[in-house]
Each structure stands twice: as C-alpha cells, then as structure tokens.
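So in the numbering used here, spot 422 of the sequence shown is number 422, and the numbers just go up one at a time.
Hints in this document: simulated from the structure, not taken from any laboratory. Keep in mind that the hints are not guaranteed to be accurate.
Computed cross-link-like contacts, BS3-like style, restricted to lysine-lysine with a CA-CA straight-line distance of at most 25 Å [as the list claims (entries may be wrong)]:
id : residue 1 : residue 2
1  : Lys148    : Lys203
2  : Lys460    : Lys424
3  : Lys369    : Lys339
4  : Lys34     : Lys48
5  : Lys113    : Lys90
6  : Lys90     : Lys80
7  : Lys235    : Lys203
8  : Lys245    : Lys278
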Amino acid sequence: MHNSGEHAITSLKCGHLFCHQCLVDWFVRQMKAKDKAHCPQCKTVYRKQDMRRICTPNIAVYDTTELQRLRKQVDEERKKANEAVKEMTKLNMSTTLYRRHMADLNRRNEELKAENDELRAQLQSLGVLCGSSSSSSSHAASTSAFEKFHYALLPCEMTGRVVALSGAEEMAVVSAGHGCGYGLQRVSMRDLAAMDHFINHEKQIRDVKISPYQRSIVLSTGHDRSLALSCVHNKHTMQRYTLPKPAWSCSFDNNDPNLIYCGLASNVVSIFDIRNTKSSIKDMQASAQNYGIHSMTSVAMGEKRLLLCSNTVESYIWESPTREDATLHKIQDDPDGYKPYSLDYRHESQTLLISSRRGTFGTKHSLCKLNNDDDTISVDRLWNINDEQTQPLMARTCHFEWGGDLVASFGTSNNAIIHDNLKKRQSLESDKPVLDVKADRVGNELILAALTESGLHLCK
Numbered sequence: 001m002h003n004s005g006e007h008a009i010t011s012l013k014c015g016h017l018f019c020h021q022c023l024v025d026w027f028v029r030q031m032k033a034k035d036k037a038h039c040p041q042c043k044t045v046y047r048k049q050d051m052r053r054i055c056t057p058n059i060a061v062y063d064t065t066e067l068q069r070l071r072k073q074v075d076e077e078r079k080k081a082n083e084a085v086k087e088m089t090k091l092n093m094s095t096t097l098y099r100r101h102m103a104d105l106n107r108r109n110e111e112l113k114a115e116n117d118e119l120r121a122q123l124q125s126l127g128v129l130c131g132s133s134s135s136s137s138s139h140a141a142s143t144s145a146f147e148k149f150h151y152a153l154l155p156c157e158m159t160g161r162v163v164a165l166s167g168a169e170e171m172a173v174v175s176a177g178h179g180c181g182y183g184l185q186r187v188s189m190r191d192l193a194a195m196d197h198f199i200n201h202e203k204q205i206r207d208v209k210i211s212p213y214q215r216s217i218v219l220s221t222g223h224d225r226s227l228a229l230s231c232v233h234n235k236h237t238m239q240r241y242t243l244p245k246p247a248w249s250c251s252f253d254n255n256d257p258n259l260i261y262c263g264l265a266s267n268v269v270s271i272f273d274i275r276n277t278k279s280s281i282k283d284m285q286a287s288a289q290n291y292g293i294h295s296m297t298s299v300a301m302g303e304k305r306l307l308l309c310s311n312t313v314e315s316y317i318w319e320s321p322t323r324e325d326a327t328l329h330k331i332q333d334d335p336d337g338y339k340p341y342s343l344d345y346r347h348e349s350q351t352l353l354i355s356s357r358r359g360t361f362g363t364k365h366s367l368c369k370l371n372n373d374d375d376t377i378s379v380d381r382l383w384n385i386n387d388e389q390t391q392p393l394m395a396r397t398c399h400f401e402w403g404g405d406l407v408a409s410f411g412t413s414n415n416a417i418i419h420d421n422l423k424k425r426q427s428l429e430s431d432k433p434v435l436d437v438k439a440d441r442v443g444n445e446l447i448l449a450a451l452t453e454s455g456l457h458l459c460k
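Using the sequences and the accompanying hints, generate a full structural model.
As structure tokens, this is what we get:
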C-alpha cells in the first residue's frame with residue numbers, strides 16, 4: 001500500500017485500513033450481490049463515502065505473528081481446560097460410583113456377619129462347638145483367625161505398592177499413583193468409606209513411613225529422586241529433598257525427631273536434618289557395589305543408636321550412624337545362597353525378620369534376635385520358614401505377636417500367609433500378588449493389612 005494511486009491507504013469509519021482499489025472492488029461485489037457493503041474484518045456496514053484516503057509520511061508493516069501465536073496458545077489452553085473439566089467430571093462420577101459400591105459391600109458384609117453370628121449361636125446351642133478344655137478354648141479365643149472386614153479398592157487408574165499403619169491415628173497410608181502423578185492415599189479406620197489422596201511425587205513411591213513423633217507426618221521416597229516430608233491431614237508437602245539417585249527406602253530416627261534417613265539405589269545411606277533444608281548432612285556406603293537398599297529401620301538399644309539396612313545382596317547394621325566414626329556390622333549371609341528382599345524390625349521383642357529369595361527355589365523367612373551383650377552387636381537366628389512359592393516381585397513382609405507367639409506374615413501370588421516357627425497358622429486370599437503386609441494394634445484389636453496393586457485388604 002502507498003500514499004497515492006490505486007493502492008493508497010484507505011480507512012473505513014470502523015477504523016480498519018485497506019488498499020483503496022481492493023476496497024472498491026469489494027464494495028462493487030457486495031453491491032452486485034444486492035447486499036449491503038460491510039467491512040471485511042469486523043462486518044460493520046459502510047457506504048462509498050465512508051472510504052477515506054489517508055496520507056502519512058511513514059508507513060510501517062505491523063507484525064502480527066506474535067499476536068497470532070498467543071491467540072493460538074490461548075485457544076489450545078482453553079481446549080485443554082475444557083478437557084480437564086470433562087475428565088474431572090468423569091473422575092468425580094467414578095469416585096461416587098466406587099463409594100456407592102463400597103457402601104453396598106460394607107452393608108452386605110455386616111449382613112453376612114450378623115448371619116454368621118446367628119449360625120454360630122445356633123451351633124453352640126446344639127453343642128457342636130465345644131473346647132476340649134478351658135485352657136485350650138481360651139487359647140483359641142486369643143488366637144482367633146483373622147477375618148476380612150474391609151477392602152479398600154484403589155480406583156482403576158491407581159496402583160499401590162507400599163502401606164503403613166498407624167494405630168494411634170487409626171489410619172492406613174497407601175502409596176498410589178495415576179496419570180497425574182504419584183502420592184499417598186489415606187484410609188481412615190474410623191470411617192472406612194472416607195479416603196483422601198494427594199500427589200507428592202512424580203514417579204513411583206518405594207517406601208512410606210509414619211512419624212513416631214507426629215502421627216500425621218509421613219516420610220516418602222521413590223524413583224523421582226526426592227525425599228518428601230508430608231502431612232496427610234492437610235495434604236501438604238512440608239519439605240522436600242532432591243537426591244542424587246532414585247531411592248528405595250526411608251526411616252525416621254527412633255531417638256532424634258530432627259533426623260531422617262534415606263536408602264538409595266546406589267547402596268548409599270543419606271542422613272538428613274530437617275533443620276537443614278538444602279542437602280544431606282552425611283552419606284555412608286557399606287560397599288562400592290550399587291545394590292539398592294530396600295529396607296531401613298532406626299533402632300535404639302540402651303545408649304546405642306543403630307540403623308538396620310538391607311539391600312538386594314546382604315543385610316547390615318550401622319552403629320552410631322550420625323557420628324564420623326560410624327561402625328559397620330555385617331549380618332551373616334544365608335548359607336544356602338538366598339538374597340534378602342525385605343527386612344522388618346519389632347522394637348518390643350528386639351527381633352528382626354529377614355525375608356530372602358533364591359530364583360526358582362522359593363523364599364526363606366528368618367526370625368533373628370538382635371543382641372547388645374558386652375557392648376557388642378550380634379544377631380542370632382531363632383528359626384527359619386521355607387516357602388516353595390517364588391517371589392519375582394520386590395515385596396515387604398512383617399512379623400508380630402499373635403496369641404503370645406511371634407509369627408511372620410508374607411505374601412504370595414494370591415495369598416497373605418501367617419506362619420509361626422512350626423506351621424502355617426492362616427492363609428488369607430487376595431485378588432492379586434501381595435506387595436506389602438503390615439500389622440498394628442488399633443484400639444484393642446490387632447489389624448492386619450495386605451496390599452495388592454489394586455486394593456488394600458484389612459483383616460482383624
């Protein structure tokens with residue numbers, strides 16, 4: 001366009017600028033179509049006398065590329081927002097359906113319990129159920145079999161791997177993840193239909209521990225190379241540490257509320273002080289090999305401070321881990337070549353359960369006693385359990401007191417097994433392979449939680 005001639009700059013009353021000849025041709029075409037002439041850009045009706053030439057000393061072309069890009073970006077974001085709203089609506093509907101289904105299952109479960117109690121009462125009145133002696137009947141009552149009382153179904157897009165129980169808070173915390181990220185699912189024992197979920201990791205979570213000092217505070221770590229300190233009540237991550245490698249385990253210090261530990265996939269133990277928000281205060285490595293530390297527990301024995309660790313090859317103990325002269329104690333390897341995949345410690349009995357596997361030979365679960373005699377740390381094996389089923393997955397096991405005896409609980413492809421030093425005490429069916437088993441007292445009841453990737457089985 002120019003200041004003169006056929007291509008002179010011409011303005012309409014709406015303010016838009018065009019080439020004079022182009023505007024005239026447009027006007028003629030509109031008239032031939034027996035239509036009112038209108039601005040090609042804003043559609044404002046105009047007459048021929050509304051076309052005015054503009055003379056200016058300088059002409060510059062305005063680049064609208066950035067404006068068009070921003071408009072396109074706004075349209076794309078608007079589409080994404082609409083899709084997100086639709087997806088949220090679907091998720092809310094799915095959640096509502098799941099809760100209704102859970103309520104129906106719980107209602108049916110209560111009905112079956114009432115029928116079961118009625119049948120038991122009828123059998124007792126007929127003399128079918130009677131103990132051989134008062135002592136045996138009292139023992140049976142104290143070790144009555146576990147019964148499932150709730151199944152917390154994780155939505156189909158979530159997968160669970162680790163569970164932590166808190167008898168004080170009457171809750172279970174499950175690691176769960178879906179398309180948006182990975183986080184923690186809280187299941188309340190007071191209201192089983194209420195489940196809260198919040199995201200605090202970008203990749204799969206490998207370990208979750210509940211604080212022994214503030215029971216609503218949870219420590220979690222995983223494949224996203226971060227260690228997160230979160231509150232499950234207000235669903236907020238209070239502190240996060242960036243790790244050099246993916247992590248497999250974590251633990252609170254059993255004596256100092258400011259210290260936390262993290263076991264990395266590189267066989268390194270990182271020690272953090274929550275008053276230092278930037279990095280670890282110390283790193284320790286038992287050997288140069290990169291064996292992932294899958295289990296970790298802080299232990300206080302008298303004046304000694306211990307950190308029990310287990311990786312995919314061996315188990316060991318760090319004595320005085322926060323001091324510069326920390327001492328390493330190796331736990332004797334299994335003579336049959338089994339390699340550990342889980343370590344669980346029980347403070348009340350000062351015992352630890354080491355679960356190991358050996359290819360197609362199945363698994364071995366060893367109950368050991370941790371000793372602190374004559375200022376030396378030692379571990380004595382009390383008994384072993386051999387199970388023929390293989391364990392291809394990295395799972396967690398536990399042990400607890402049941403009817404006056406220490407029993408081990410571990411998962412198989414479709415069961416949660418409870419076993420003492422002599423025999424299998426109970427087998428609880430599950431829908432999928434059991435990835436984690438935990439037991440704790442909630443009030444006066446002993447609760448057993450068995451986690452699969454699709455749901456949490458609660459038994460008492």
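Decide if the proposed pair is consistent with the structure: Lys460 and Lys424, CA atoms, cutoff 25 Å inclusive. holds (18 Å)
Can the restraint linking Lys113 and Lys90 be considered satisfied, given a maximum Cα separation of 25 Å? violated (34 Å)
So if I understand the rule, the pair passes when the alpha-carbon distance is 25 Å or less; does Lys245 with Lys278 pass? Since the Cα atoms of Lys245 and Lys278 sit roughly 16 Å apart, the hinted pair holds (cutoff 25 Å).
Is Lys235 close enough to Lys203, meaning Cα to Cα at most 25 Å? holds (18 Å)
Given the hint that Lys369 pairs with Lys339, does the C-alpha gap stay at or below 25 Å? holds (19 Å)
Straight-line alpha-carbon gap Lys148 to Lys203, limit 25 Å: violated (31 Å)
Could you grab the alpha-carbon distance between Lys90 and Lys80 and see if it respects the 25 Å cut-off? holds (15 Å)
For Lys34 and Lys48, compute the direct alpha-carbon distance and say whether it is at most 25 Å. Since the Cα atoms of Lys34 and Lys48 sit roughly 15 Å apart, the hinted pair holds (cutoff 25 Å).
Hints 1, 5, counting from the list given before, are not met by this structure.
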